[in-house]
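Residue numbers (my numbering), protein chains in the order written: chain A, 1 to 176; chain B, 1001 to 1278.
Hint data in this document are derived by calculation from the structure and do not stem from the laboratory. No residue lacks a Cβ here, since even glycine has one placed at the ideal position from N, Cα and C. Each hint should be verified, as a subset may be incorrect.
Rough simulated footprint, nothing fancy, chain B against chain A, three-plus residues with beta-carbon under 8 Å [stated by the list, open to error]:
{"hint": "1", "segment": "36-43"}
{"hint": "2", "segment": "75-83"}
{"hint": "3", "segment": "97-103"}
In silico DSS-like links for lysine-lysine, alpha-carbon gap of 25 Å or less [as the list claims (entries may be wrong)]:
{"hint": "4", "chain 1": "B", "residue 1": "Lys1016", "chain 2": "A", "residue 2": "Lys82"}
{"hint": "5", "chain 1": "B", "residue 1": "Lys1016", "chain 2": "A", "residue 2": "Lys48"}
{"hint": "6", "chain 1": "B", "residue 1": "Lys1215", "chain 2": "A", "residue 2": "Lys115"}
{"hint": "7", "chain 1": "A", "residue 1": "Lys134", "chain 2": "A", "residue 2": "Lys9"}
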Amino acid sequence: MSKSPSAPKVANLHDLLAVAYQIEIDAVERYKLLADQMETHNNPELVKVFRDLARAEGIHGEEIRRLAGDFDVVAHAREIAKFAQGESPEEAELGSAHYLMTPWHALQLSLAGEKRALAYFTSIVETAKDPKVKEMAAELVEEEAEHVSLVHRLLRRYPEPSKNWAEDLDPPVSQE
Amino acid sequence: MTMNIETRTYKQADYKSDVKPIWCPGCGDYHVLMSFTRAFAQLGLPPEEIVVVSGIGCSSRIPAYTNCYGFHGVHGRSLALAAGLKVTRPDLTVVVASGDGDGYSIGGNHFLHACRRNVDMTYVVMDNHIYGMTKGQPSPTTEPEFDTALSPGGTKVRPFHPLVVALASGANFIARCFSGDPNQTADVLAEAIRHPGFSFVEILSPCVTFRPDEKAWKEQVHAAPVTETSDQGKAARRLMTDDGFNIGILYRGNRTPYQPAAGKSDFDLSELEKDFEL
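Using the sequences provided together with the hints, build the complete structure.
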């Protein structure tokens, strides 16, 4: 039951834009939730990272909305963009969050999400029959590939933490 | 005169409150909250016609995070509260949230009788096989060999089997879900709410702080290999041999829910009072 990029069927350009929009919006909501969690657990560095990621995904969502022009992509997304496993590809895995996580971990979550989105749009390019869908999906693939490179560039700023990053000197309770 | 009747559709966000959950990051209960709001939106229920009742524990914080009516009751007594509410206000949709400590230990007896009574409500138990809020004591569903400072050498006690107990006690709908699949969980919750009578949904919801091993659940859960049944005998055999990770609706009964007629009693209380006159 691990996360899968299986997604709604995309029959035309409107469907594709709606799904692409929903993917970005789901990612925004997930990053906001993670930022809230980090706020509650007093990890301000991560609050900022997750809020920045939410903002970036929100901008992508708005770009897709603009691309859709007069078409109500928001309503259509609500109608069709339902992912089989309950999570859309770019949503960071909630179960991987930890109160002591570092920006490196946050970016790993983000990288995994971007890669899932890349795989999803690539599968559309490979299977779409409608040339307009194929063309737009190819643009989205390029976009996602750029996001993957961007996360890789960001990761250079944050080296992988030591193995004992989750060690809490004042843990909730001893489980030894 | 024509009346404009506004029919509105609800979004998930309509059921979420502004209160930020204080669960540990990574906790499965975040997904359960998501499933609650998805199920409510799917059913199109107005938030003010839903009541989420809970007891005590991490899972029982959930009413505060919804925009529905809520009642954060005392430890283990959520089902008694909810049953009272539902029989007096049958127009409301009553969903009860609990955990394995609150629901199977402190509230264990209420669980049996709620199943038996079959009041039309949905009981959701977020089972993480541990007392999380009180920092990691073994619960009724903890494995016997779970060995920590708080249970040295493990409890060596056979775990409680909630689904079997629910079936034997008369629950009218029994399902198991995994928090990590919020869409499927939402679908099952919606079905549980729709089904008349007492619906019991156990949600495996990992505790990442005291049971980090439960992160592996996402690889262990699997769709139940058989379709749901309304045959109690068949369901009993299946549940007794269940590996604890079968996901889906496992039993759907057809008992008539308990609902006393409003404002009516079979007895004339004034007549009864006479028997107590001194």
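Now the hints, each set against the structure:
1. Counting residues of the segment 36-43 of chain A whose CB lies closer than 8 Å to any CB of chain B gives 6, so the stated coverage by that chain holds, three being the minimum.
2. Here the segment 75-83 of chain A counts 3 residues with a CB under 8 Å from a CB of chain B, which clears the bar of 3, and the coverage holds.
3. Using a Cβ-Cβ cut-off of 8 Å, 4 residues of the segment 97-103 of chain A lie near chain B, which meets the minimum of three, so the contact claim holds.
4. For the hint pairing lysine 1016(B) with lysine 82(A), the CA-to-CA distance comes to about 20 Å; that is within 25 Å, so the pair holds.
5. A threshold of 25 Å between alpha carbons decides the hint, and for lysine 1016(B) with lysine 48(A) the separation of about 23 Å falls inside it, so the pair holds.
6. For the given pair, lysine 1215(B) sits about 22 Å from lysine 115(A) by alpha-carbon distance, which is consistent with the 25 Å threshold.
7. Only pairs whose Cα atoms come within 25 Å are accepted, and lysine 134(A) paired with lysine 9(A) is accepted, the gap being roughly 14 Å.
Going through the hint list in order, the structure satisfies each hint without exception.
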